[in-house]
Amino acid sequence: MSASADRLLLRLDDAGVRLGSVSALRKVSLSVTRGDVIALVGANGSGKTTLLRLLHGLVDSSGARAVGDPLAVQAMVFQRPFMLNMTVWNNLRLALWLARRRVPRSEARQRTYEALQRVGLVESRDRPARVLSGGEQQRFALARAWAVRPDLLLLDEPTANLDPSAKKEVEALLHGFAADGMTLVMSTHNLGQAKRLATRVIYLDHGEIRLDAPTAQFFGASADERARLFLKGELPWTLD
Amino acid sequence: MNEFAQSARSALDLIVHADAALVRTVALSLAVSGTACACAAAFGLIGGAWLAVARFRTLPILILLLNTLLALPSVVVGLAVYLLLSRSGPLGAWGILFTPAAMVIAQTILVLPVVAALARQLVADAMVEGGDPLRSMGAGPLVSALLMLAHERWAVVTLLLTAFGRAISEVGAVMIVGGNIEGVTRVMTTAIALETSKGDLPLALALGLVLLAVVGLLNLAIAAAQRGRFMTPLIEAR
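Protein chains in written order, with this note's numbering: chain A, 26 to 265; chain B, 208 to 445.
Be careful, since some hints might not be right.
[As the list claims (entries may be wrong)] Some chain A residues flagged as far from chain B (calculated, every beta-carbon gap over 12 Å): (1) Ala170; (2) Leu222; (3) Leu256.
[Said to hold, decoys possible] Residues on chain B that point at chain A, a partial pick, calculated with CB under 7 Å: (4) Met334; (5) Gly337; (6) Asp339; (7) Ser343; (8) His358.
[What the hints assert, rightly or not] Sample of chain B residues with no beta-carbon within 10 Å of chain A, all distances over it, derived: (9) Arg262; (10) Leu279; (11) Val364.
Since the hints were made in silico from the structure, they are not lab data. All C-beta atoms, glycine included, are put in the ideal place defined by N, C-alpha and C.
Bound conformation, chain A alone (with noise of 0.2 Å):
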């Protein structure tokens, strides 16, 4: 086996995928590689939330979704994240206890103390987990995804809805995840930060994959004109 082979997570083959009568993704293909720092962009309904959907198994599609590593943990995090009617501790040890196949007992409540502690939560553990405001809710469900230790963490526009500060300390906390050896995609709109933090970025339009290029690659000449208006915001609403 080689050694690409080796780092390969997940590869799409020709994938598709129908929402009704919605094609939402058509022939998609794409590897993620161990290591990787994938940034998903697109216009609205280009098909970014329906491809992290793909990739985490969530939606079935016509093509094929090979699995690298069986072992390989996967989390994500969405873009409204769901948090039960209880406590912040209880929401996380739920989350270990789900993932109990992978996580022993006995390390469940060091863990979900050192994921508290690694967004800055400690003090909120005993706070219901619904109250917490928008930057603190998504900094807790990182530390949900971060606490089954990942090997691939999906997310769903991260930093979407929370005021520069908030923004600033998401994007803190993914930079250590990926700087620990996390495999990271995640959707995004922010151009700037797909700049700051991805490796590579994969452009989308009408749920196909214009582009797929390493970050300095996209954001320095872009060969594919559609990409091209995107990032100068020129983009039309219709396709022709």
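Starting from the known structure of chain A, fit chain B onto it as the hints suggest.
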């Protein structure tokens, strides 16, 4: 109007002096309806939660049937249970007709569709927001559905209160399968019907007031509990 005022005063006297017949009737009503609700909750909450996440071909028909059963007439339930438990019926050997046990069975059947249908809707609505995140964390459909019941526990309490209200206020089923035997199967609603027909309005009115007071007190208890809801940990805290 005078007669009503006089009856109300007599009713209050009975309540204040804890009339023995009144207390016995109220206690039996609470025991029968409370047990019926507990039985219906045990099956209905889990069944309803499962229906919210289950996927099979005949599911829409089952849901339609369940929603139709919300309007199940209590006398029809009473008649069906009577036929089942009567000497010549398939369960006649149990010998529980005209006992509180038969009344519990009848009321359980009556409120089970209420609990299941409302629980199904509650979980289905909650799954719109939380279904994918829970699945993403590793929860299977049934575990997700049960977690949603815990998540919406205050709505579940309200649901159970609705079921209890339906059970304690029905008269048809308990009259048929209980027989309204004094000191044995006489509950508030059957006593009200009997005392009214006998013209003993004070006792009937007193029972009516107690019936309302019981539900009112339950509402108060739930409101008080809701105030401290975040202080109730579901999983061991630290």
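Can you give the numbers of the hints that this structure goes against, from lowest to highest? 1 and 4
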